[in-house]
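What follows is each chain in one-letter form.
Protein chains: 2
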Amino acid sequence: MDEIRLIEIKETILSDNENLAGLLRKEMKDKKTFVLNLMSSPGSGKTSLIMHTIERLKARYRIGVIEADIDSIVDAEKIAGLGVKTVQLRTGGFCHLDAAMVKTGLDAFDLDALDLVIIENVGNLVCPAEFDTGAIKNAMILSVPEGDDKPLKYPLMFSICAALVVNKIDYLGLSDFNMELLKERAKKLNKDIKIFEVSCKNGNGLDVWTDWLIAQISAFLS
Amino acid sequence: MDEIRLIEIKETILSDNENLAGLLRKEMKDKKTFVLNLMSSPGSGKTSLIMHTIERLKARYRIGVIEADIDSIVDAEKIAGLGVKTVQLRTGGFCHLDAAMVKTGLDAFDLDALDLVIIENVGNLVCPAEFDTGAIKNAMILSVPEGDDKPLKYPLMFSICAALVVNKIDYLGLSDFNMELLKERAKKLNKDIKIFEVSCKNGNGLDVWTDWLIAQISAFLS
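Chains as they are written, first to last, in this note's numbering: chain A, 9 to 230; chain B, 9 to 230.
These are computed hints drawn from the structure, not numbers from a lab.
Among the clues, some could well be false.
Copies of one chain are not kept apart here, so a pair can be met inside one copy or by any two copies together.
As the list claims (entries may be wrong) - The list that follows gives simulated cross-link-like pairs (lysine to aspartate or glutamate, EDC-like), each with its CA atoms no further than 16 Å apart:
1. K209 / E26
2. K86 / E11
3. K196 / E138
4. K145 / E85
5. K111 / E16
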């Protein structure tokens, strides 16, 4: 039998991506721009959470948004309507963002004029967890209708996020969703994860979320 | 409303990939190495077709195989057992090969010692069609049990292939698969596509396929 050469393509790609992500984080530190990478399944409320966050923080920070979740620019228009700089990355069906794509988005901004950039990643709980975007912090949304079993199915996503925003708490009681069980499962994967219970519909819990974000940005800038 | 910058990520990635694929094709021309990119759904018979092709051509050409379809190395071992050089690209779940991954595979060979490299692409009719691998020719397999409607569902794949190998013709008559309708649909997308009817199980039609491949390689080398 002839020799077989075995090449680990995925490891090579992920390792190249991590190197670039590390360089991006260093650049953001130099520019004093905090980058938040927001991930979730489609329809969990990423755009809504971003819009509420902008409303609450735009007097304090100069904000930019990188939109990748959508094929149309409708959501980007909503966000730009709030008076923040918006870059729409048209991914055309790609399942995640990598550091190179985020760099393309960041390069379109004048980073000296921005304190906070929020990335709305592609709606997917699998691939985005594998690719470090170079963000300073990762956060994810899980909406109540998705169920409390998601940490069991997508453990990597819960492991890499500093914050878990449980959205659509106005749906609690309409299903067998068990908040304590969700928290237990998430903490088992990531004991330091901060969990926020919010409703983007009625605004409940959003101040606690933005207070946390402000604290993260202050710690980063100090 | 603030400005929205729209960036076509997919076009940038595909255009970078095409540039690299063009460079690879030029290098293969210099090295006089014909590269065939073989694509299909999972289970259509890529590994079987490659093994039959090797058996028929190994006295004529020095052959190498780049295996990407599988996570285990079992298929690679089968192929290496035929006495050809084999590179196993462990893609770890990626849905396609791009030119950079193929380059990694080709770089693992001594191309001066090879006349023909066959790439077994990832089993998928969608993404592999979008990424030029740098191969000299693309071929695809459709197996009879998959149905004659596949050109309607995956038009790009049929459009970019020089050859369509219809495998498992021993299954004809067991379903409503209509060979003439399939051919008509494929030719409508790609009037120059060569269609071969084969059975990797009993060997029917394989000589016609390898005669075509020999003619392609001769034309390439002349």
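Enumerated hints in conflict with the structure, sorted upward: The structure breaks hints 1, 3, 4; every other hint is satisfied.
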